[in-house]
Every structure is written in C-alpha cells, then in structure tokens.
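Build out the structure end to end from the sequences listed, making use of the hints.
Chain order of the listed sequences is X and V. In this note's numbering, each number is its position in the first sequence, counted from 1, plus 56. In this note's numbering, each number is its position in the second sequence, counted from 1, plus 3.
Possibly wrong hints are sitting among the right ones.
[Stated by the list, open to error] Here are the simulated EDC-like pairs of lysine to aspartate or glutamate, each with C-alpha atoms no more than 16 Å apart in a straight line:
#1 X:K58 x X:D71
#2 V:K46 x V:D6
#3 X:K58 x X:D73
#4 X:K58 x V:D6
#5 V:K46 x X:D777
#6 X:K602 x X:D511
The set of hints was computed from the structure by calculation and includes no laboratory data.
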Amino acid sequence: MKISFTVNHQPVIVDVDPAQPLLDVLRDELGLTGTKQGCDYEGECGACTVLLDGRPVRSCLTPVGKVAGRRVLTVEGLGHPEDLHPLQTAFIETGAVQCGYCTPGILMAAKALLDREPDPTEEQINEAMAGNLCRCTGYTRIRAAVQLAAARMRGEHVPSPRPSGKPVVGGDATRTDSVEKVTGQAKYVEDIAMPGMLHAGVLRSPYHHALVLSLDTGAAAQLPGVVRIVTAADIPGKNGLGDYSQDEPVLTPEGETVKMAGAPIALVVAESPEEARAGAAAIEVEYQPLPHTFEVEDTLREDAFPIYEGGNVLTTDRVAHGDLEAAFAQSDVIIRTRYRTAYLEHAALERETALGYIDEEGRVTVTGGTHEPHWQQGYIASTLAVDPSQVRFITPPTGGSFGGKQDPWPLVATGLMTYLVRRPVRLTYSREESFEASPKRHPYSVDYRIGATQDGRLTGIAVRINANTGGYDGHGQYIANYAVTASGGPYLWQAVDARAQSVYTNGPKGGQFRGFGTPQSTFALECTLDELIQKLGEDPLEFRLKNALPQSAISFLGYPVAESLGYVEVLETIRPRFREFQEEARAFNAAAAAASPHTRALRKGVGLSGMWYRFGKSGSLRVEAHAELAEDGHFVVYCSAPDYGQGTNTVMNQLAAEALGVPREWVEVVNADTALTPDSGIQGASRATYWVGNAVCRAARNLKHEILATAAELLDHPPSDLAFDGSRPAKRARSPHLHGGYGQGTIRVAPRSAPGRSVSLREVAQEFERMGKSRRVIGLFDLSPSFPEEGRPEYVPLFVTGAQAAEVMVDLHTGEVRVTRVVAAHDVGRAINPPDAKGQIEGAVVMGLGAALMEEYIPDASTGLGDYYVPTIQSMPEIEVHLVEVPSFHGPHGAKGLGEAAILPTTPAIINAVSRVTGSRIRTLPATPERVLRAIRRARASGGGEI
Amino acid sequence: MSDYLTPASTEEVIQILETYRGEARVIAGGTDVMPDIRRGRIKPRCLVDVTRIPGLDRIEVTEDFVEVGAAVTFAALRDCAYLNRRVHALTDAARSVGAAAIQNAATWVGNLVQAMPAADGAVIALALGAEARVVDSRGAAWRPVESLFEGPGVSAVDPTRQLITHVRFPRPARRWGSAWARVGRRPALVLPILNCAVILCLDADGSSPAQSGEVGKNAGCITQARIALGPVAPRPFRARQAETFLKGNRPTEETLAQAARLAQLEANPRSSVMRASREYRLTVILSLVGDALTVAAERARSNAPDSPQGWDEGIDRRATERSPTNTGPQGIQRPMEHRE
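In structure tokens form, the structure reads like this:
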C-alpha cells in the first residue's frame, strides 16, 4: 500500500504494509537510523520516540498506515551537525549523552515539551520524560540539559557549562562523539546495512537442563531464505569460549547437555531476520529433560544432581589471617546476618548485536560491543582454527554495556557464521533473547559474623559467600575472588576468615556486571555494619571513621594496599550533608507522627554506606598504547579502550593532548580495532583511565620527544626551545561543539624565541621517513617493577574508596519507597574530565537505586523491559556529587578508576535508610513495596522500630 | 500485505467490518493492537482506524453526561480543563497510563475493549458508572461498561464486528467527589500492583459532618458511592458491599475505614511473581481504598454550593474539548490545587 506523509519537512511516499511499525519504515525504508529500537516493539523503552504532528509517540507502536498525510519529525530533522537545535547543544554541553542510544528518543520528547511549555517545571520535565529509559546517565544531566535549552530558547543568555575545556586535563572537556549521537548520525551495529547482508537466528534450549538427544536440521534447511544452518559439527576449531574454566560451548552438540534455558544449539543464517527465526523454529530437537534448580542451596546438597561432572562448585577463594576466635572472644557484641541479592540484568538500551563480514584483506571481521577486542579476536580465531591475524575485531559505537557486552558468545557466533558463509551476517538479539541468554549479575547469599568492642572497634570478621553462577562459567570462576575481596571493606580488622564459592545452578549464566561481584558483598557488609552500629548505639559515620583502614596498615586481605586511600577524606566530605539529612528526617518524622492519623503515613529515613573497590584487575601489569605522527602532519593515538558510553575516547584524547601540549582538536583517537590498535588489555575493573590512559600519556610524550628532536635538527635549534605552533591550524571539526575531529590545517614546530622560523609537521613526518624512523611510537605503562613477581599477590591491591548517604521516604501503608536525595563522595584521585566523572557517579547511583528497590530477574518469569523494572526519571533522586581528589601513586595525573566503584555504596545506603525507618532489617534485594511492608509489620509485631 | 482504512463515519466502519467478514479489526491508538499483531495473537487483514471520524475526538459535557469519543486519547483526558476541575480521578487515571508518548496515542475506548483487569481506564470507568455506545450492523446501544468485561482480556465487544463510538458517564453533581489511587513497582511506566477509583456523592443539604447534626436527618450523608479496583478479580471489580454500606452513612473516618475493610473482604486478588502476592494486595487494599475515600469525601464536601469554589463555577455547559490529535499541541497539565 502506498502511503504518503512528511518526514522532517520532506514529503515521502512509501510502498509498504500499512500495519508495519512506523519505526521500521523510518529505519529500513527511509534510512533514518537515528530512531532506535530497544524493547521488542512493546513501547517499554522510549528509544523510538518521534513526533507525530508535534506530539511524541512510540514509532514502534504506530502503524505506518496511521501517519498518512501527517507530519513526522525524527532526530535527523531536529538539527544538523552544522546547525544544532538548542536541545542538542545543551545535551552535549551538559554531558547528558553517554552511550547515546536513548538520546534521540529523549530529545524528541524534550522538543515536544518545550514547544508547548517554554518554562517547564521539574515535575513537567519528569512527566514528559517518564517513558524514556536511560541506563547510563541517571537522568540528572538530561533534566539539566532540558532546562538549559529551555532557558536559551526563551531568549535568556546562558553560557555553556563547559566554557573553555581548559585546562585540558581537569577541565570540562566536551565529548568527542556527542555530535554524532545527538544528531542520529552515530552508526551503531544495528544501523549498518551492508550489501548482501544476511541475518542470523538462534535455536536456544527451552529447557533449563536437558540432554540433547538428537538434532534434525533437514526441514529447516529447505525453508525459503535459509542459507545455512550451523551446528556444533560445523565448528572448525574449538567448540568453547576461550579461557572460561569449563568451556561454555559455542553450540551444544548432540549427546551433551544444555545447562540453562536459552543455551544456544544451532545458528540459522537467512536472507531476512524473519526467515532466520522461522528456520530456527523449524529445527527439530529431541531433548531429555533433566532435574533443574535455580538455587545454590539445592545444588550444594550432597545428593544434588550434578550439573557438571566435576561437581557443582566452580571455584572457591579464601582470605584468612589473625586469630579469629580470640578476636571474637574479646568482642562485646557479635552479630550474625544473612543477606541475599537478586539476578540483575544490564538492560543496556542497545541489545547484543554483531555484524560480521570479510574485509578487503580477506579477514573474518566482526564488529560489535565488547570490552576486549583482542580477546574476541583470539576467541574467534580459536573457534575457526585460524591464525588470529586472519581475524579482525572492530569496536563500533556501543549503546551501553555495564559489563553485559563482555559476553563473547554473540561475537564468536557471528565470526563463525561469517567464516562459513563468506557474506556479511548480522546477529541481533531480541530483548526477550537478551533477557534469557545474556549473562546476569550473580545472586549472592552472604553470611556474616562480625564482632566489635563496646567502644565501637571492629574485631573479627567471618564471612561465607555463595555466588550463583548459573548454568555456565561466564567468568564466574573469578567471582569468588572478587566476592571475598570486597567483603571486608576499607576497615581495620584483627582477624579475618572470609570464604566464597562460585556455584553452578541452572539459572542464567552469571557474568560481568558493573563492579563484578563486589556490589553484592559490599551491600551485605555495609548493611551488617549498620546493624552492628545500631546495636552498639554508635553513629554510622563516626563508627566508619573510627575503623577506617590506615594507609599502610595490614588490610582485610592480609597485606597493605598499593594505592593511596582516601576513605577518611570521603567520609569527612559527606559529613555535613549527612548530618543535615539526619536532622531533617528527625524533624519530619516528629511532625508526621504528631499529624492526624489519616494523612498519608510517610516517614523519612537516612542511611550511610562506604566501600572499597579493587580496580584495574591485573592480568598483565604491562599495557601498551601508540602515538603517531601521521603523514599529513597531525597526531593520532592508538589504543584499545572501547568506549561503550563511559567516555574513554574523550579521556584518551585529553590525556594525549595534554602530554603533547596541544589543543584536543589536533589529536585523533583510533580506538579498539585489532587491525590498527595495540592490545591494551581488558577494559574491565574501571582500568581504562589508569592503565591505558597512562600508556597513552607515555606514548604521546615519547612522540613529542621524537618530533622535537627531529625538528631541532631541521631547524638547527635546541629542542628545549621548540613548541607546537597553535595559531595556524584551521579546525576541520564539523561544528563548534565537536572537539574530537583533528585539525586539518598545518601544524608547525617553531622556536619560542624565533617563531618566524618553523617547520611543518608534514615536513617532520617526511624527515622521519627519510631517516627510516618510525612515525609511530610506543607508550608502555608497566607496573611490574613496582610489584616484583615474587611476592606479588594474584591481584595487585589497587583500591579506590567512596561513601554515599541516602535519604528515603517510606509509605508505611503501602511499603513504597522513594529515594529523595543522595550525596555521593568518591575518591577519584584526579578527575580528568570532571563533568563526565560526575555523570558516571550519577548513573551509578540510579543503577544502584534500581538494584535496591526494583530490579530483579526471575527465571521463567522475566521477559523484557515491561516486567524488569529499571528506574525512570521519576525515580531519580536529587544527587549531589563530590569528587574527592587524593592523588594516586601511579595513575595519570593522579587519576584512579571510578566507573564501577560508584555503584557499590548506593544500594546499601538506601537499604540502611529504609531499614532504619521500618525498624526491621531488609536483608533480601530488591526492597519491593511488599518486602518493605512486611518489614514494617514485622517490627510492629515485635514492638520495635523507630515508628 | 494488509489494508489500512480510515473511514469518515461509523456507518462506513460497520460496512468495512462486514465486508471483511471478521478479518478486519478496529484500531484506535494502536498501542495494544500493534503488540498483539506482533505476537501473532491477532492476524487482521485490514485495520480500520476510527480516529479520524469527525466528532469522535471530542469530550462533550451535556446537561446529564460527560461524553468521550472513541478517538479521545488519555492525553486529551489528562489535559482537559473541565475534567481537571471536576473529575480528578479520571485525569489522574489518564496520567497513570504508561507514559506521555503512550497517552498521546492510546484511547480510553481502546483501553476498555482490551478488558484487562488492571486497566486504569477500565477501573475508572467502573467507578464513574460509565456506559459505552456499542455499534454494529444491528444498530447502536448504550451498555454499561461493566457488562462488557467477560474475563481477563475478553471483551463483549468484538472489534472485528463492532465498535464503541463513545463512553459517557453521569455528569458530576453537587457534592460529588472522586479520587484515584495506585501502587506500583516504580513510579511510572508500569502496570499497577493495585489501582483504585472511587466516587462519592453527598446529600444535597448540609456541608460537612461537623455541622450535619443541625440540619436535616440525612444531611451530609452519602447518597452514592462507587468503588472500583483492579486487579483483584478476573475482571475490573466493584466493591459492592462496601458501596452499599456507605449509602446513607455519613463519611466519617470510621465509616470510610469500615468500607475499606468491606472492600478488602470482597476482593479476591491473585499472586503475581512480577508484581505482588495476594496477601500484599489484600493488605494494601485497606489503606488504598481508605485513602481514596477520604480524598473523595473531602472533594465532595468542597464541592458544596456554599463552598468558595461554588459548583461548576466558570464552566460553560456547552463546553466541549477536542482531542489534541487534530488540534495540535496543548499545554501539559500544571500541578492542580486538588492533587494530593
């Protein structure tokens, strides 16, 4: 059916099924890929929001037939890189864009709001944005951006919150990739279409535990559009994901067992996504179902059904030192607790997507979100039994990860299909598939026994942690170590016995998730401490200060930490606001208790939590980055620190510019492409700035040295008097806001004392060539000399600390909780990009709030964003962030890791606040209205509580 | 390839539905129909869009009724000035549906036809005593909305044969108050654990219970009460015993609390893994219904003729409002004086 309407002020006519969603017509027929799809066309995420006759609608729920004769506006019609809409400018300047996947939909909702309400209240902004999920920013900067744009559109002169970007390090650096993201130009994997591209479907186990008896692909292979069916038998190399302790098969073969629902058995490559799905559905599989359980308690029983031959325990870890029984014997109070956490889903707005093709050099090339491109290259090569040089991995703009995109499976599967069919293949999970098959945060059960003396000194700590790794390893082998490490916090202990084990069940596989195994332990520890504090009648802040680990003391791990500790500083930073919260809550509750009983029964609570987080997980203590003088005379930095929204592209650009002593516009960053960039190690454990940033700094310094040395010879002038000439290059940047493009004009080296004599970088580059000198130089950051092999612990003890206080409002009748304010203080060492560092913390706070109150993946029940509740802007508290700068010993400019650490204290701070209101402890996450109400009633029944 | 038709009259809709013999389906906002098509629950060959039929986008206030056309979206209800002054429960319910971008497309009538036991639009319709004008090849008839719900997701209205052109409810009288209450797992974009709509109408004389003793025997007594709840039964539910108990009683704290207890006894909710257990729902019904009745009673009192606002003050009785679908953007609702 022919349908005509206008899109972005241009008339269009499409010939499509009128029941097709407008979203698909925009993306597939009109090539307007700025509008995103995130929730299986259910209207649950808002990424597809467009304006229809000026009003925001879900384009995924709008049949295209409905728009006949009407006006559609998408993000592409809002503004262009050269002519940005005030909202787009404000989003960039405010730092409201991280991964950028939700941004187009949010911009459209914001535009509609400002068109009808030029001066919106916070409440109006919240109402207008409530249907747009953002997983990165915590919404704070989004609301600020809308307010900034509104003020400017009303004609007020409001200067940019990032006026100069100077100094380069520690200044307010605008992100290098925001312009593409706010204009819908950024090409995420799902936005790339290649000629002849095929689509993949996956046959997944419907059983949580079953033996695959037989597999018949005959009928499926005959279906129209099906190009190739891939089973385990087709895998040329290793059928297992590399360096996972018990190999998780890429595809489960006949005769073996699937250990979780969603485990992949076969791949179908077809001409269209629908045909691929139909092909997968047509494969006949005979299963023999086996007993299954999602509970660690079940699989640990002596008579438990073995999920793996070697037993159901994957790994164990232990830290023990001191005389525990003696420590408990001297304790006046000993407390025992058991805390439990839930399966959590990352729910990044972009689902798992990968595109494979054969590149111009014949390499199997895969592009998709990851944290470690070189590892993926290795995994794919080993699956294909080819040399890694025949595989290339490119990291594209990525719509959020939080660890979720560390799962190698979609990337390896795409490499395998591409290798077998030699054509471009795209694999895109549905949201439902992503929920079923992607890794989750490991649920923990944590038992504590902690002692203290009457004067509030901690004595002994015993902890037992069971981490549920689900049906597969998913790097759960390391979880036990992380669980133990985080379980003691930045406190001084006389004696420690901490044990953790990672245990198989038939639940979804556990995997990396912001904080990797440490938020669960931190939650249990900081809540247990709060119980102890209440029992002792101590003050939450003074108690933590009193027991804070001194810098060179023996830590919980049994040896001193290797980075500067700022825990006392963060607690002191938080003190005034914490006291204010406490005072206000006391006054509020007193007034509320005196008010008439039929007014809404609301009470305020205040909770505190600290944390320590081991960042920069080692693997290798030696990290490499490159800096290059390009042939045309500009600077290029090469590293592998994938940017999935957290801003590493910008940080590397800043650090290199600072080291070279040039403006950011002159430095291009080439990031995370195995054919171009060195292996800078895994981007896990918040290590990008500290490790890779350090290597980038060194590479840039080395390059500067080489360039000035050569220029000195050309100019016959001492290098110490030479500098890059900043006046001449013209920016090639596509807008005044894009600071990431490199200058195209001529960069020169000139003597400070005689600027008239100069040599261009192009000439220097030619001289390099003439001399046979490499234009690319290496930068190495190597901590192995500081931590000699003998006596080096398995993980280098680099720790970062922080503390947060939360204020909550609890409805005593319904158990509903609103987090009203959070104040967060984190020791970042040195903030390279302060607004972005704050943005990381704000995002972490809202994600931690989700874990505290609403997020829980329930096997067999959770299917998508409609029943897995992530916070909306309506849940956002007022967040106040303090960046505490206690310089690190080794990090670039004193910086430390941050991105993950910030989530650790939020959940316990909120739960401590709620528990202090309910009067009975909430020890199971999330604190749903039902659990909170139960705690209130429990406390009433026992006559306890502050209410 | 399907057809998509946008007829200009109700008669035309019926003709099309007849022609397609069950393979055509009425669509309004599409926010429920589209997921149903995607999941293969329905496979219409033709979609019949009723949102461009002239007149169906109006909210009309007549002498006796408030009449809402099939094309009126929740956004239009939410933003309607008359409703914001007189029928708070309806504007609050409209604001509870999904989020702004859903409210801009989804219609009240469409929500009724979906017949889900927790549908905000259905629960409020029950409390308002709404009727639906059902049209098919045999003609048109006003039927109580309550009679249209046959089971979870099963409506007596067959959108392949019939359509609802309008919903209407009795125009709020003097001393009439309504209230909306809802509990959910998060503050927005979520199905309710429980939702509740109540209306109360007080006796024509007297103003508040405090003064009622001095006036006539029935002064300040409840003459009409409707309490609707979801999801506490297979269908949107009315707490009839509580309603009956309230009639003739004064809206004292004890009376309203007793009514809430009766509603709790009548309700029969299920446990839901994703939302809440039966026990939780039963517990919370008590405070939810109690709070809603308290608010409605306060509003009913403040609507008395001798109250400062007067009743229907400043309302043009012929006033009608168009759905913003055809009139372009309208201001979103500012915080209202009566909102809790």
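Item checked: Earlier hints that do not hold, by number -> Hint 5 is the one this structure does not satisfy, whereas the remaining hints hold.
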